[in-house]
Amino acid sequence: MGSSERHGGSESEARWCAVTGGRGFMARHLVAALLRSGEWRVRVTDLASTVVLGPGEMEGLLGDALRDGRAVYASVDVCNLEQLTKAFEGVDVVFHTAAADPSKNDLQLHHKVNVEGTKNVIDACRICKVKRLIHTSSCCVVFDGIHGLFDVNESLPYPDKFSDAYAQTKAEAEKLVIKANCTNGLLTCCLRPGAIFGLGDIVIPNLDRYAWMRRAYFITNMEPMNMWDFLDTVQEELGYKRMSKIRIPTIIIKPASYLIDWAYRVVFSHFGISQPQVLTPTRIRYITLNRTYSCNKAVEELGYKPIVTLQDGLKKAVKLYIQLRNKDFSKKE
1 MGSSERHGGS ESEARWCAVT GGRGFMARHL VAALLRSGEW RVRVTDLAST VVLGPGEMEG
61 LLGDALRDGR AVYASVDVCN LEQLTKAFEG VDVVFHTAAA DPSKNDLQLH HKVNVEGTKN
121 VIDACRICKV KRLIHTSSCC VVFDGIHGLF DVNESLPYPD KFSDAYAQTK AEAEKLVIKA
181 NCTNGLLTCC LRPGAIFGLG DIVIPNLDRY AWMRRAYFIT NMEPMNMWDF LDTVQEELGY
241 KRMSKIRIPT IIIKPASYLI DWAYRVVFSH FGISQPQVLT PTRIRYITLN RTYSCNKAVE
301 ELGYKPIVTL QDGLKKAVKL YIQLRNKDFS KKE
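Each residue of the sequence shown is one higher than the one before, counting from 1 in the UniProt record's numbering.
A hint or two may mislead.
Unchecked claim - Taking lysine-lysine and the DSSO-like style, the derived pairs with C-alpha atoms no more than 27 Å apart in a straight line are:
#	residue 1	residue 2
1	Lys297	Lys319
2	Lys179	Lys86
3	Lys254	Lys316
Claimed, not checked - Pair ranges (Cβ atoms, derived):
#	residue 1	residue 2	range
4	Asp64	Met26	20 to 30 Å
5	His270	Glu301	31 to 41 Å
6	Gly63	Val308	16 to 26 Å
7	Ser103	Lys179	41 to 51 Å
8	Cys182	Gln235	26 to 36 Å
9	Glu57	Ser274	39 to 49 Å
10	Lys112	Glu300	11 to 21 Å
11	Arg15	Lys241	46 to 56 Å
12	Gly60	Gly239	24 to 34 Å
13	Lys131	Ala263	50 to 60 Å
14	Gly239	Ala263	20 to 30 Å
15	Val308	Gln235	13 to 23 Å
16	Lys161	Asp312	23 to 33 Å
Keep in mind the hints are simulated off the structure, nothing from the lab.
We put the beta carbon where it would ideally sit given N, CA and C, even for glycine.
Build out the structure end to end from the sequences listed, making use of the hints.
Structure, rendered in structure tokens:
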């Protein structure tokens, strides 16, 4: 796997890039955008031993690319440096999107995947002389779980204490990526997306510019919306009426969440009963504190501009969901 010829193309054609966690939701759209650009051949890496294409993918862009060599799939665990090094051979750019499941507040798991895995990605980039590493971080790296955030920018420092294991380890990984900039010819930057939804699309930064290196950027759709308003809008797009809400004061729900968390960990876990993720103290903090982030730095330095509006993104996501749901119902009948 050491040359472009082995992956379906010659050196004179499109360059190779690699996407870790390439079968994740956001990464699928990134892969599609890279292929559509015509400038890149894509090495899609993920944990599964073989790639399983979803509805529409087999006859779509990715399916075609896998058949004609513009894309290849490699089974790679970011915790395995040897696998990463093999996957990054001949690659110019690495998009690192792989991460542990944020809903699992397991520090050991998150440290292994998010921190040690990212260190392996950096080491593999150096070994393979990769030119650029673009790391998918998260807005949560500046959130302490206690104070709300309003239109904050990248000057906001990391908190002394993080909201959960995911945020803590994503911040550690981000520091590693920024520190790795300009070592062994590798240029790095971090992107901090907010909540990701819908079909969407991805803006591919101009990889030949250097202003972005060794920096982190908040990436949002620049249309702040309260989470409950967001859920109401989704309901309306699905054809349901808005439901009346029962508001429980946070002074009650927060202590209750800790009690529920204790009960599941100490009592219910012995009976094989798992805790609903929405009831964890971390999730309660996330849904009771407002957080908005400024994208001005990404706009000014990367030329970032959302391709899809919030409303259009919701409509497309709901439309696809309805289509898939109807297909599922048809199969059952």
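Unsatisfied constraints (hint numbers, rising): 1, 3, 5, 7, 8, 9, 10, 14 and 16
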